[in-house]
Amino acid sequence: MALTILYFAWVRERIGQAEEVVTPPAEVVTVADLIGWLAKWGGGYAEAMAEPERLRAAVDQNFVGTDASIVGAREVAIFPPVTGG
Amino acid sequence: MIRILVSREPIDLAAETARVEGGNVGAVASFCGLVRADDGVDQLELEHYPGATEAALDRIARTASERWSLQAATIVHRVGPMRPGERIVLVLTAAPHRRDALDACAYLIDRLKTDAPFWKRETRGDDARWVEARDSDTAAAERWR
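The listed protein sequences correspond, in order, to chains X and E.
Under the numbering used here, think of the first position of the first sequence as 1, with each following residue one higher.
Under the numbering used here, think of the first position of the second sequence as 1, with each following residue one higher.
For the record, the hints were derived by calculation from the structure and aren't laboratory data.
Be aware that one or more of the hints could be misleading.
[Stated by the list, open to error] Example chain E residues on the side facing chain X (calculated, C-beta under 10 Å, incomplete):
1) TYR49
2) THR53
3) ALA56
4) HIS77
5) VAL89
6) ILE109
7) ASP110
8) LEU112
9) ALA116
10) PRO117
11) TRP119
12) TRP130
Heads up, the beta-carbon is just placed ideally off N, CA and C, and yes, glycines get one too.
In isolation and in its complexed conformation, chain E is listed as follows (with noise of 0.2 Å):
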C-alpha cells in the first residue's frame, strides 16, 4: 500500500506509523528529516510542482515496491513556511523482516532528494536564499543504480 501526501500541515509522526502497522507487518522503518537550527536559520520555506510532485514521489514508491518486498510505503513532505525543529518529510517503510524496511527506507529518502520537484529557501533574518543541490545528494541517489 502506497500512500504519498504533500501537504502544509505539520507532520504527524504517530498517526502515520499507525497507519502501516498491523496485518502481517514485522518491521517498519523510518527517515525523518527535520528544519536544522545550527547556522542561525529562522525560516525555511518549500516549494513544489503540484501534481508533478505527487507523481514523481509516487514513481519513487512504485521502484521501491517492485525492488523490495514491502507491505507499505509512505512518504509525507511538507511545504509552505516551517521553523527549526519542524518536520520537513517523513519516509515509512513495513515488510515482513528488517532488512527489506531498512533499505526500502534509505532508498526513498536518497532518490527523493534527486528525482521529486521540490526547493528549498532558507531565511536568516533579512536574507533569504535558495538552498543549491549538493553533488553528495547526487552520489547517494546513485548508488541504488
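Isolated chain X (complex conformation) (with noise of 0.2 Å):
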C-alpha cells in the first residue's frame, strides 16, 4: 500500500528530499521495520538510518516510539530529536 514518508533536518538532508511516496513489501509493519528496510537502500538512505537509536517518529501525526505499528498509516515522518524553543 502506498505510503507517504517525511523527513526533516539532517534526516531530509542525508536522503535529499523532504518527502516521498513507497510501497513498503508485506513484512513492514512497524516503523522500526520501516527504517531498516530503508536502510537497505543504500547511498544517503544508509547514512541516514545508520543509527536508528538517534531517529524519532511520527504516524499520520502522531509522535510514536519506533515498535509502532504503520499498518493502514498514511504518512510517517523520520526525524532527529526535536530541538525547538
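Put the two chains together into one complex; each comes in its own frame, and the hints tell you how they fit.
Here is the structure:
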C-alpha cells in the first residue's frame, strides 16, 4: 500500500528530499521495520538510517516509538530528536 | 483562549501581549527565547513539521489550561532563518493571579522544547550544523509529570 514518508532536518538532508511515496512490502509492519527497509536502499538512505536509536517518528502525525505499527498508515515522518524553543 | 502561531515573520511581543490583556486578567507571564550570539553563530534556521507542529503546540496549551486557571495561553514560534538577537519563541499566559500564570508559562516552554517538532540548524561562517537535543531539556520537561 502506498505510504507517504516525510523526512526532517539531517534525515532530510542525507536522503536529499523532504517527501516521497513508497510501497513497503507486507513484512514491514513497524516504524523500526521501515527504517531497516529504507537503510537497505544504500547511499543517503543508509547514512540517514545508520543509527536508528537517534531517530524519532510520527505515524499519521502522532508521535510514536519506533515499535509502533505503520499498518494502514497514510503518512510516516522520520526525524532526529526535536530542538525547538 | 488559546492562540498558536508558527510563522516566518518576526515576533511582535507588544502586539501579542496586548491580545491577552483586558477582561479580568490580573497577571500576564511571558517567556521569550532569543538567538544567542555568544558562540559565533551567524544564523539560526528553524525547521518544523507543518500541521503536526501546530497540533503539538495546541495539545501542550490545552493541557496547561486544564492544569492551571488560565484566561489565555499564547505560543508563537518563528521558523526559517534568523539572526542573533532575534526572537525565536514567545510564550504568554494570562490568569487572575501570578502563580498560575508563572507556573503555566514555565510548563509551556519546558514541554515545547521536547514535545513539539522543531529542528534548529546553526551556521558559523561556512560551517552549518544541526543542534543536538539536550538531556537537560528532557529533565526540565519531565519535572512537570
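Closest C-beta approach of E/ALA116 to chain X relative to 10 Å, hint status: 5 Å, holds
Cut-off 10 Å, beta-carbon criterion: hint that E/ALA56 touches chain X: 8 Å, holds
Interface hint status, E/HIS77 versus chain X (Cβ within 10 Å): Nearest chain X Cβ about 7 Å off; hint holds.
Supplied contact hint for E/VAL89, tested at 10 Å Cβ to chain X: 5 Å, holds
Interface restraint verdict for E/TRP119 against chain X (beta-carbon cut-off 10 Å): 4 Å, holds
Restraint satisfaction for E/TYR49 [CB to CB of chain X, less than 10 Å]: Interface hint status for E/TYR49: holds (6 Å vs cutoff 10 Å).
When the least beta-carbon distance from E/PRO117 to chain X is tested against 10 Å, hint result: 5 Å, holds
Status of the hint placing E/ASP110 at chain X (closest C-beta pair under 10 Å): 9 Å, holds
Hinted contact E/LEU112 with chain X - closest CB pair below 10 Å: 5 Å, holds
Hint validity - E/THR53 Cβ closer than 10 Å to any chain X Cβ: 8 Å, holds
Chain X contact restraint for E/TRP130 - C-beta distance below 10 Å: 5 Å, holds
Interface hint outcome for E/ILE109 [beta carbon to chain X under 10 Å]: It holds, given that the least Cβ distance between E/ILE109 and chain X is near 6 Å, below 10 Å.
When held up to the earlier numbered hints, the structure conflicts with none and fits them all.
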